[in-house]
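Peer 1: Line by line, the protein sequences give chains A and B. The first sequence begins at 382 in our numbering and counts up one residue at a time. The second sequence begins at 2 in our numbering and counts up one residue at a time.
Hint data in this document are derived by calculation from the structure and do not stem from the laboratory. Please note that a few of the clues may not be correct.
[To be verified] Straight-line C-alpha distance at most 30 Å; calculated BS3-like pairs for lysine-lysine: (1) A:K450 to A:K473; (2) B:K14 to A:K450; (3) A:K473 to B:K6; (4) A:K584 to A:K473; (5) A:K530 to B:K14; (6) A:K548 to A:K559; (7) B:K211 to A:K516; (8) A:K559 to A:K603; (9) B:K103 to B:K261; (10) B:K6 to A:K584.
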Amino acid sequence: MNVIEINQLTKYYGKHRGIENVSFSVEEGEIFGFIGPNGAGKSTTIRTLLSLIHPTSGSATIFGKDCIKYGNEIRRDIGYLPSEVFYYEHMKVREVLNYSASFYDNVDYTRIQSLAEVMDLDLNKRIDDLSYGNKKKVGIVQGLLHEPKLIILDEPTGGLDPLMQQKFFELIRTENQKGATVLFSSHILSEVQKLCSRVAIIKDGTIVQVENIRDMQKHNYKKFTLEFKGVIDVHHFNLDGVTNLSVNEDTLHFLFKGDINRIVERLQGQSLLNMLVEEPSLEEIFMHYYQKEEQP
Amino acid sequence: MNILKQELRMGRKTLIIWCLSLVGVLSLFMLLYPSIASQLEDFQKVFESFPPEFQQAFGVADLELSSILSFYQFALMYVLLAGAIQAMNMGVSIISAEVREKTGDFLFVKPISRNRIVSMKILAVLIQILITNAVIFTASLIMVTLLSTESYDFELFALFTLSLLFIQIFFASLGLFVSVFLRRIRTILPISMGVVFIFYIIHLLNETLKDEKLGLISPFDYFNLSEISKNMNYDSLNLLLWFVLVGLFTFLTFKLFARKDLPSI
Chain A
382 MNVIEINQLT KYYGKHRGIE NVSFSVEEGE IFGFIGPNGA GKSTTIRTLL
432 SLIHPTSGSA TIFGKDCIKY GNEIRRDIGY LPSEVFYYEH MKVREVLNYS
482 ASFYDNVDYT RIQSLAEVMD LDLNKRIDDL SYGNKKKVGI VQGLLHEPKL
532 IILDEPTGGL DPLMQQKFFE LIRTENQKGA TVLFSSHILS EVQKLCSRVA
582 IIKDGTIVQV ENIRDMQKHN YKKFTLEFKG VIDVHHFNLD GVTNLSVNED
632 TLHFLFKGDI NRIVERLQGQ SLLNMLVEEP SLEEIFMHYY QKEEQP
Chain B
2 MNILKQELRM GRKTLIIWCL SLVGVLSLFM LLYPSIASQL EDFQKVFESF
52 PPEFQQAFGV ADLELSSILS FYQFALMYVL LAGAIQAMNM GVSIISAEVR
102 EKTGDFLFVK PISRNRIVSM KILAVLIQIL ITNAVIFTAS LIMVTLLSTE
152 SYDFELFALF TLSLLFIQIF FASLGLFVSV FLRRIRTILP ISMGVVFIFY
202 IIHLLNETLK DEKLGLISPF DYFNLSEISK NMNYDSLNLL LWFVLVGLFT
252 FLTFKLFARK DLPSI
């Protein structure tokens, strides 16, 4: 069963494009990644799902019901963590969380306590005394306290230190194992790769690709930066699977897809000053998707 | 009910400050009464010596300063003016605050319809207006009773004082409408002061012109205190107009807000 089904969703802000003909679906029980650079339309899509904004055309259903028409019914089972969190400044953390809980039926109030303990959050502080990261923790607890069946995360990790990110991912995994479906929006590919089973990639308001993470890893690109002592023989590295080959003074850059041993073989006997093997950035991955589209 | 409770809690401090200020303005004027009561007839003569246009513009044409209620009428005008600003402030801010303080992403993703949120917020404004009026009514009743040397007409006093309630409800509903009509509101006070003063100036203008059509524009004319003291009642046409406009503003508030896009942060 599909928990989210988005069908030709289009949103224009006046003349500005928000998203255009976005379609994808999220199956029950999966962690679905939603990646794209800033301004690509991730938040617009999510805000439409939550009926914070109204689509220009197209539709979306959640749990099989239209997300605008049955918005308040659907939102009972949605937990949402926005990319930037703001709460009523003069309230205490505990008050905000209790207020949030008061909107749902049968909330287990001890869950607030236990979630706060996991996230190391002080419930007695005032919201306006909290740092950005701590506000984010309030957002996490607030989004999960009513045990939602669908968790929507919009760039959730900003402001969290690595340790907290880890704990947060564990929380999300636990909720997922208990049966919650997760829509995880991010512009950081690696964190999506860690958690998600499938991803939709959005750029300039349109979906470029919906793919299995495993398939993506099959064409696992590596980005090489090699700094040579002396002259560079470019042709020496012009192998099958090498793309974006470029030389900049003593430095050679390229992307490589395939058996890494073939590059290692080529490196033998070369005298290097420095070598860097990295995950390509999201932009570079996108470049790859565009290139693939151009080649029929 | 949780929204209502939350709104009342958040508005508590502001409400107390406004109530104290309104009572302050009223007492400041009313406490002048004992010291000048004996000279009021002289004041009256001075006012009467002014040219009629001048008298009208300052709202002293029909003024009978000799009694406590006519003096109260004079003082109450300022309370009406300030009370209108208070009510419009509440109306403009109560919904737009969620966008301005960026808490909309918290409240509007809760499993509750926008109409219900708006109803609760309107109810919160109404309750705060009722509290304000109860405070003002009590305070002015005490002051008028203590300061009057002879008996006064309680009915007229009540009609005078209750006009605050009607004027506040009018400006609150106008404020609500303005807040959902405008795309984004950054500051509230300039909007509400501007609107209230425009209506007040129209009212002053109409004091001189006495134009019937112009009188239909400003709510300060609907509840014209000197007319009330002459007729011992509110004007039924004006009351009807008040009712229709308040209804219209409220309806449009619901209608427009249900379709409104909440801007992302």
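Peer 1: State for each hint whether it applies.
Peer 2: To see whether the hints hold, each was checked on the structure:
With a CA separation close to 34 Å, the supplied pair A:K450 and A:K473 exceeds the 30 Å bound. Distance restraint check for B:K14 and A:K450: the Cα-Cα separation of roughly 38 Å exceeds the 30 Å cut-off, and the hinted pair is therefore not satisfied. Between the alpha carbons of A:K473 and B:K6 the distance comes to roughly 16 Å, so the proposed pair stays at or under 30 Å and holds. The hinted pair formed by A:K584 and A:K473 fails the criterion: a straight-line CA distance of about 39 Å is larger than 30 Å.
Between the alpha carbons of A:K530 and B:K14 the distance comes to roughly 39 Å, so the proposed pair goes past 30 Å and is violated. At most 30 Å may separate the alpha-carbon atoms for a hinted pair to count; A:K548 and A:K559 meet this at roughly 17 Å. Using a Cα cut-off of 30 Å, the hinted pair B:K211 and A:K516 is violated, with the two alpha carbons roughly 58 Å apart. With a C-alpha separation of about 35 Å, the suggested pairing of A:K559 with A:K603 is violated against the 30 Å cut-off.
Distance restraint check for B:K103 and B:K261: the Cα-Cα separation of roughly 15 Å lies within the 30 Å cut-off, and the hinted pair is therefore satisfied. The hinted pair formed by B:K6 and A:K584 fails the criterion: a straight-line CA distance of about 43 Å is larger than 30 Å.
In this structure, the earlier hints numbered 1, 2, 4, 5, 7, 8, 10 are contradicted, and the remaining ones agree with it.
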